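Starting from the known structure of chain S, fit chain H onto it as the hints suggest.
Residues per chain, in single letters:
Protein chains: 2
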Amino acid sequence: MRTLGIDPGSRVTGYGVVQQAGGRIVRVDHGEIRIKSGEPFTRCLLRIFDELTEVIERARPDAVALEDIFYGKNVKSLIKQGHVRGVALLAASRSGVPVHEYTPLEVKKAVVGYGQAEKQQVQMMIRVILQLPETLPPDASDALAVAICHTNTRKDAVL
Amino acid sequence: MRTLGIDPGSRVTGYGVVQQAGGRIVRVDHGEIRIKSGEPFTRCLLRIFDELTEVIERARPDAVALEDIFYGKNVKSLIKQGHVRGVALLAASRSGVPVHEYTPLEVKKAVVGYGQAEKQQVQMMIRVILQLPETLPPDASDALAVAICHTNTRKDAVL
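Going line by line, the protein sequences match chains S and H. Under the numbering used here, residue 883 is the last one in the first sequence; the count climbs by one each step, no gaps. Under the numbering used here, residue 883 is the last one in the second sequence; the count climbs by one each step, no gaps.
One chain only, chain S, in its complex shape (with noise of 0.2 Å):
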């Protein structure tokens, strides 16, 4: 089962696309997709989901992985970041991918063993989950924490 997670941001929309390969779980893809400042919001919105639209086309995952938003934001980051997230589950849905959804907790629990695991530590632990030979950034990171999680979980609802 091949997985694609993705962590939209307001700022920053990363993603991972991992694979269970017998016992192990490997990472197939990476990568993190910036908003640019002085970049039209319209403009950015279309990148954003036609880089997703690459990924899943490059990748072609069984399933898609998000978490919830987190709601104690400031509320003008979480409409940005609900624009985004938007065009990220249109991108899995105009695919066919099913989406699954995870609380942040159920995330940290699923990768870190515990839900209030810091930003570092879960950068620390996709690294050692996949082998990797270097840590990867934040954005990259949450993304994969949240497909490895569905890879663990195989939530059944979709969105």
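These are computed hints drawn from the structure, not numbers from a lab. Since we're looking at a predicted model, the values are computed, not measured. A portion of the hints provided could be inaccurate.
What the hints assert, rightly or not - The list that follows gives simulated cross-link-like pairs (lysine-lysine, DSSO-like), each with its CA atoms no further than 30 Å apart:
id : chain 1 : residue 1 : chain 2 : residue 2
1  : S       : Lys760    : H       : Lys843
2  : H       : Lys833    : H       : Lys843
3  : H       : Lys833    : S       : Lys760
4  : H       : Lys833    : H       : Lys800
Claimed, not checked - To give an idea of the interface, some chain S residues facing chain H are shown, with a C-beta separation under 10 Å as derived from the structure:
id : residue
5  : Asp774
6  : Lys804
7  : Val823
8  : Leu829
9  : Lys833
10 : Val836
11 : Thr875
12 : Arg878
13 : Lys879
Yeah, the Cβ is synthetic: ideal placement off N, Cα and C, and Gly gets one too.
What follows is chain H alone, placed relative to chain S:
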């Protein structure tokens, strides 16, 4: 000049196309896209995206106009609206149509003459301005209102 107004909502998305013809503004098209209860959210987003893309291809507007998101709502419907709005912006962006944004105050002032107008007053004024035989449903009326606002204001800035 032809303008497509969109009113993306957490439950209903209204749209309306108007055209300037001599000294008058006439309606070209209008409609509402509903989120059905029980329909997976990702499928809803795809349907909204496809329908809006179809409206753009059919009507070939020179501009798309939307209202700012209204912050007074509860955070859950705000986020849902953010998702829908992201998909609406993407439909415009993918078709190469510039997007203009107006505050609810600007829209109401442009249509009813003052900023505190009620929803029914907007519906009534839309009927009067566009010389329609009957009142249109509220979300289609709101979409036509922002399209009329752009037709009369022609704000340069794009989103």
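Does Asp774 of chain S pass the interface hint, meaning its C-beta sits closer than 10 Å to a C-beta of chain H? Asp774 of chain S check passes; min Cβ-Cβ to chain H is 9 Å, inside 10 Å.
Verify the proposed pairing of Lys833 of chain H with Lys843 of chain H, using a straight-line Cα cut of 30 Å. holds (13 Å)
Hinted pair, alpha-carbon criterion (30 Å max): Lys760 of chain S, Lys843 of chain H. Please report holds or violated. violated (38 Å)
Given hint Lys833 of chain S near chain H, where the shortest CB pair must fall under 10 Å: Status violated, d = 23 Å.
When the nearest CB of chain H is found for Thr875 of chain S, is that gap smaller than 10 Å? At 20 Å from the nearest chain H Cβ, Thr875 of chain S fails the 10 Å test, so the hint is violated.
Given Leu829 of chain S as an interface hint, is its Cβ closer than 10 Å to any Cβ of chain H? violated (18 Å)
Can we keep the Lys804 of chain S interface hint, with Cβ of chain H closer than 10 Å? Since chain H brings a Cβ to about 8 Å from Lys804 of chain S, closer than 10 Å, the hint holds.
Go through the hint on Lys879 of chain S and say holds or violated, using the shortest Cβ distance to chain H against 10 Å. Lys879 of chain S check fails; min Cβ-Cβ to chain H is 14 Å, beyond 10 Å.
Do the alpha carbons of Lys833 of chain H and Lys800 of chain H lie within 30 Å of each other, as the hint requires? Distance ~28 Å between Lys833 of chain H and Lys800 of chain H Cα, so the pair holds.
Chain H contact restraint on Arg878 of chain S - CB to CB distance below 10 Å: Hint on Arg878 of chain S: violated, closest Cβ of chain H at ~18 Å, above 10 Å.
Under 10 Å, Cβ to Cβ, is where Val836 of chain S needs to be relative to chain H, so tell me if that hint holds or is violated. violated (26 Å)
Holds or violated: Lys833 of chain H to Lys760 of chain S, with C-alpha atoms at most 30 Å apart: The hint is violated at about 34 Å.
The structure fails to meet hints 1, 3, 8, 9, 10, 11, 12 and 13 from the earlier list, while all remaining hints are met.
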